[in-house]
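Starting from the known structure of chain A, fit chain B onto it as the hints suggest.
Which chain is which? The protein sequence lines are A and B, in order. One point on numbering: in numbering that gives the first Met the number 0, the residue at position 572 of the first sequence is 571, and numbering is uninterrupted. One point on numbering: in numbering that gives the first Met the number 0, the residue at position 67 of the second sequence is 66, and numbering is uninterrupted.
Hints are not guaranteed to be accurate.
All copies of an identical chain are treated as equivalent in the list; a pair is satisfied when it fits inside any one copy or across any two copies.
[To be verified] Computed list of lysine-lysine pairs in DSBU-like fashion (alpha-carbon distance at most 35 Å, straight line): (1) Lys282 / Lys294; (2) Lys519 / Lys294; (3) Lys567 / Lys60; (4) Lys266 / Lys128; (5) Lys565 / Lys282; (6) Lys127 / Lys266; (7) Lys562 / Lys519; (8) Lys177 / Lys266; (9) Lys127 / Lys177.
Honestly, the hints are just simulated from the structure, not real lab data.
2 protein chains.
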Amino acid sequence: MGFRSDGSLAWLAYLPGEAPSATTSMELAREELRQGLRQLRRAETVDVIADGQGQAYAISKTDTGYVINGGEPGVLYGAYALLSALSRGEQPPEGLREPHFPLRILNHWDNMDGTIERGYAGRSFFFKKNHLSFDPARIRQYARMLASVGINCISPNNVNVRPPMDGLLMQGNVSELKALADILRPFGIRLLVSIDFSMPSHHGLNTADPLNEEVAAWWARTTGEVYCAIPDLAGYLVKADSEYRPGPFTYGRTHAQGANMLARALKPHGGLLFWRCFVYNHKQDWRDTVTDRPKAAFEHYSPQDGQFDDNVVLQIKNGPLDFQVREPLSPLLFAMPRTRKALELQLAQEYTGQQIDLFYHGPQYEDIIEHLPLGNIQYIAAVSNLGDDSNWCGHDLAQASLYAYGRTAWEGACRAQEFAREWAQTTLPEASEEVTGMLMRSGAVYEQYAAPLGIGFLVRPNSHYGPSPEGYEFDLWGTYHRANQHEIGIDRSTNGSGYTAQYPQPLMGLYNNPDTCPEKLLLFFHRLPYDHPMADGRSLVQRVYDDHFEGALGAEDLLAQWKQLKNKIPEGTYERVLSRFERQAANAREWRDVINTYFYRKSGIGDARGRLIHP
Amino acid sequence: MGFRSDGSLAWLAYLPGEAPSATTSMELAREELRQGLRQLRRAETVDVIADGQGQAYAISKTDTGYVINGGEPGVLYGAYALLSALSRGEQPPEGLREPHFPLRILNHWDNMDGTIERGYAGRSFFFKKNHLSFDPARIRQYARMLASVGINCISPNNVNVRPPMDGLLMQGNVSELKALADILRPFGIRLLVSIDFSMPSHHGLNTADPLNEEVAAWWARTTGEVYCAIPDLAGYLVKADSEYRPGPFTYGRTHAQGANMLARALKPHGGLLFWRCFVYNHKQDWRDTVTDRPKAAFEHYSPQDGQFDDNVVLQIKNGPLDFQVREPLSPLLFAMPRTRKALELQLAQEYTGQQIDLFYHGPQYEDIIEHLPLGNIQYIAAVSNLGDDSNWCGHDLAQASLYAYGRTAWEGACRAQEFAREWAQTTLPEASEEVTGMLMRSGAVYEQYAAPLGIGFLVRPNSHYGPSPEGYEFDLWGTYHRANQHEIGIDRSTNGSGYTAQYPQPLMGLYNNPDTCPEKLLLFFHRLPYDHPMADGRSLVQRVYDDHFEGALGAEDLLAQWKQLKNKIPEGTYERVLSRFERQAANAREWRDVINTYFYRKSGIGDARGRLIHP
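Chain A with its partners taken away, still in its complex shape (with noise of 0.2 Å):
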């Protein structure tokens, strides 16, 4: 018995069975028309025409029907789309369609024994025992998702690589990976693997300094052998001098040594380095006052710029610190123009409810894309949501965020509430409405209570779920507010940390000043009095004070609407997605009482409204 949700096929409603063990992306479109336009009760005839490589595609009007013109893997993704137009009874889209990204990435962070670092949807559907060990049938079923969204390169395993994982390119576990990438590959599916910068030290030789030739030569024959079994592997990922990770500096050379080493290993096979730029202090003293987390990956990486071969990319993730909910973009991704960049999102739920608490990541895509200098990134790639669990992602609503990156990243561009309709058409049909309107103040709702204007780093240490105010405020991870009886914050201001002045014009102006920063984003970018005026006149802790207590009421109404959904949306997923809410719910009133009464402790001001803060 192959793998069988229980009636959570993600928004592939339109494709009830099994997914088709093609070998080209030209028979399994062909396959997954037969079977969609069967289950849709269509009369229309699809013809599809694959004319050479590549991922663009057409779909033009016949009598009969469609037809559908493209490369390979084009035509599939003409396939999907088609087929997700007619389930919606719309229009199937017109004209040429090519992806804005040339790859769309997924990062799993699986490890090998089976568990998966800041997952909340089961274990990996990769890894078992310390081993490559999957259920082709569930593979073949995530392809078969990702592709119908254009998601078109994964990496199955952690970034934090530790032994035994950092064997999964040497002999024995490369046929179980060649294994994994034929069946991915009909889907238009290219595998990505996470590597261990100091794995040759661990292999034979006793270092792994990028400049000692041997090393250099262990990579190539290493990669060599890798690609002889798998020609289209997309590259390699690597964390490397970020927290405990090995890196470059054991060896005191540059990153751009480090990084070029391991892209000329893959340049002959055409591979792709991706090089994570999460390098900060993460042994930072509390006391240290002058050190500020966000600057570092700017103040390391630009005066690098032009340093790095032409195969290096750069992943940077969104925003300075580490995928809070609220955070300005990361001013990198606007520097560097003489190198390659990706754009690293975060699907899994990590500070935003866990898969718990509902938040849809599309409004918040959107406005980092609006605000993106696209022409300065080249790829885009996000933190996988998914695990073993049967509606894949814990919460049957966070596949919507899944649905939405992969179509942001072949837009290019993020239209949320677009996205969010299309998935609830597809998924929950007889609710998308009601769905599309959750989804869609979710994240608002979810900020309200959890993150008073970018503040940050509020939750309780190491689990990331739920408040403590000041569980990271004594520790080594550069995350402090330094909240007294006055005020709370860090001025990141030319006055102040100076972040500020890593941004170019007029984003720098903007933020350096309290006047003109974003409100959502003042306590992220100054350190202000509890009673500093607001743009409408309440004052800095009655904004927090009321935002708390609304927000609580926010995650009520959502538990409330969904009750009124019962008898539109399928029993299971309606009971899987209550209680969770009910979760969310009781959430949100710990995030409210706990932030209002922590700020009222510290600010001795009461609620201007009376409502209870617990003294």
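Same frame as chain A, but now just chain B:
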């Protein structure tokens, strides 16, 4: 090869070989004397005359040496007392010597997987891979060490009994328990076993209701089988309805009903039931300002006085919270005159530096025993600080606390300085004066930097090492201080939670009034403003600052003094302890800075002496 420590034979330097494997205490006493007198190069003859059973002994001088009269195991205690005195160059104790407490118990919190809950000295030497699995030579060495200070009962397994540990009394495991008991018996040490109250429901029955006859019969049968193998078993130890452990509450029964049922299974065999009183609401809501955790045990148990069978012993922690650096005595220790009770101490330094920081328990025990209504307490137990580290306790100097505990339990009094000197003279004879001094001031130093005025629970959640002033503030465990801009602490007076009313007079009156409350307990009992005047005129917050600056200097002093002892201490011990003092000094700085900054940010009041408090 039997167990070999690396020269760290605890205080038994006069017995450097392996412990004898005798079958009676008499035989053992003679063998220990033979070994010890030879090692000490003493020409005296020592006759041993066993006259019956019993723990008492008397040493008398003869023309050629000494004679020890006593019971079994009394003569063994006499032999160790004699050797210890001779090794220290002192006269052996004269006259009849007998212990104050009939059972002097050590509770290990070892899990069957080999880990130790709150263990800071390696892994278990009883359990491995979910089995009783021990090195007989190490067990004999351990038993000799305990017997030499009169400890005569041990529970090897954690009071948190989780599968598979709940099968420890089951067939198959009993033969392993018997093997352990057989090794311990000649040393005068009896076994006690921690049990899971719900055990019958995991082993054949569908309930553990204490009023169910089948349950009672199950316990009677199981207990009978265990006593067949181990006729001198001391009994059972139970943690019920405490921190997620099952208990009578599950079945709507009282603790008297639950305890008596078990006690009746033990009664025919002369066994005792030790029933821990660590019962409180471990899921308190921090918003609940009425519930006050220290009140819980007294409120629950004291109305049941007279309802417990005579072989039930309520085991009560010294303080009403949980082994904090400074707590008042538990009011339950003064109550329940018709119920047998045991005092429970903790040697494991859970909240007192985890055997990284030096904390000699002697002065604390002296304070406890001095104020204890001794006539109201029949037994004594301490949670072990031992593990499979070669030096037993992780920190070599932590052995002194175990030594002092044994001596205290025998004497029914703690003479902290005398016991410290005895330990130092036998263990580190060349530096005994200096080490005695360091031990004696270690607790005061730790208290100065880690625990202002009895406030408690400013520790990091879970680990309990290092500071986190609000780590527990919004958590479930009932351990809050509710600091705001003006004041800190819980009012436990009769104006507040009323906890002080649980004490008899004059304690109640003393504690109830901030002016008469001992200053070291001031913030345990009272909520006070930061500028509250202390007896010497300083403000409360200034006292906190002063204590923390002085405490950190005290830790530096301990390190400096240890360095001066380099030539007087065996190298292995010197290096191990040196690295711990270095860690302690760093820990003390961290406590100093975090606590001072926390109070400064809260209060806005700077240090009167202008020392650096980080903003």
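Status of the hints after comparison with the structure:
1. Lys282 / Lys294: So Lys282 and Lys294 pass the 35 Å test inside one copy only (15 Å; across, 41 Å).
2. Lys519 / Lys294: Within one copy only: 20 Å inside a chain, 45 Å across chains, cut-off 35 Å.
3. Lys567 / Lys60: So Lys567 and Lys60 pass the 35 Å test inside one copy only (34 Å; across, 95 Å).
4. Lys266 / Lys128: within (33 Å within a copy, 49 Å between copies)
5. Lys565 / Lys282: between (49 Å within a copy, 33 Å between copies)
6. Lys127 / Lys266: within (32 Å within a copy, 51 Å between copies)
7. Lys562 / Lys519: within (31 Å within a copy, 55 Å between copies)
8. Lys177 / Lys266: within (20 Å within a copy, 68 Å between copies)
9. Lys127 / Lys177: Within one copy only: 17 Å inside, 40 Å across.
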